[in-house]
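Whole structure, please, built from the sequences with the hints as guidance.
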Amino acid sequence: MKNLLRGGIGLFLAAMVGVALSDEKADEAYRAAQLQRMKSIAEKFEVEAALGAKPVAAKLMSNPLLKYNDSTRRNHESTLWLWTERELPSALMAVEFYPNSPRGPRWLFEIVSLSNSKIGVIRGGDWKWQAKQPGVIRKPVPGDLTPSEKPALRLSQARQIRQRFAAHEKEGTDGRLELRALSTPLYRYADEETGVIDGAVFAFANGTNPEVLLLLEAQRDAATKQAIWTYGFAQMTGAEVYASLDDQEVWSQKEADPPA
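So for the sequence shown, my numbering puts the first residue at 15; every next one is plus one.
What the hints contain is simulated information worked out from the structure, not anything from laboratory work. No false leads were mixed into what you were given.
Below 27 Å or equal to it, Euclidean Cα-Cα: the simulated DSS-like pairs (lysine-lysine) are:
| # | residue 1 | residue 2 |
| --- | --- | --- |
| 1 | Lys132 | Lys58 |
| 2 | Lys81 | Lys53 |
| 3 | Lys153 | Lys164 |
| 4 | Lys184 | Lys268 |
| 5 | Lys184 | Lys153 |
| 6 | Lys142 | Lys58 |
Since the model is a prediction, treat every value here as computed from it, not as a measurement.
In structure tokens, the structure reads:
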């Protein structure tokens, strides 16, 4: 009887493992299908940027920069997609899934310009958006930190600079919400033609949902050949947002109505 009981437990455990593996495969298939849906949504958009005299089509990266969710806003399986001009960031789109929306499951998107020029975005013939100004206004980072000639050291410098910044948002009656800095940059780039030695896009997030973007660039002056660090921000939420450098407010944006 003792051996029979042990065998029964073994069969029961094996059945449980089989169910768990089946559920895991189903979850993987669901996540893969959701990712493909989000990619299909992003691929419907075209971004144009003015690098020179004529607008050029920015290129959509084949994989998302980030996968995230936001339990406070009840969105799941969300992703960030980037368009680039050469390697320079041009536009960033969040594609978010809201399965429990009052009007039923919904896909929403929001898009922000990260370009130094005015960009235009179209989706087939049914939607168009033209930026009224460049997406990011850059300022020199205060201090005497000179960009290193070594990429690995420049990344260390960028992280060091990022620690001097903080960001928070205000939304409705919820009050002030401190945003968490993600330690790893979402994207890193360089562009010799425009004097960008190194660039990094950092995010301040609500959980893992990026709400404020910090763009740090090591830029070399074409005439003097001297390099400096610069910073700029972009708003990735409809909420009112603020950012500070060394505990002094340096940037803010009012509530926005991003394309959705």
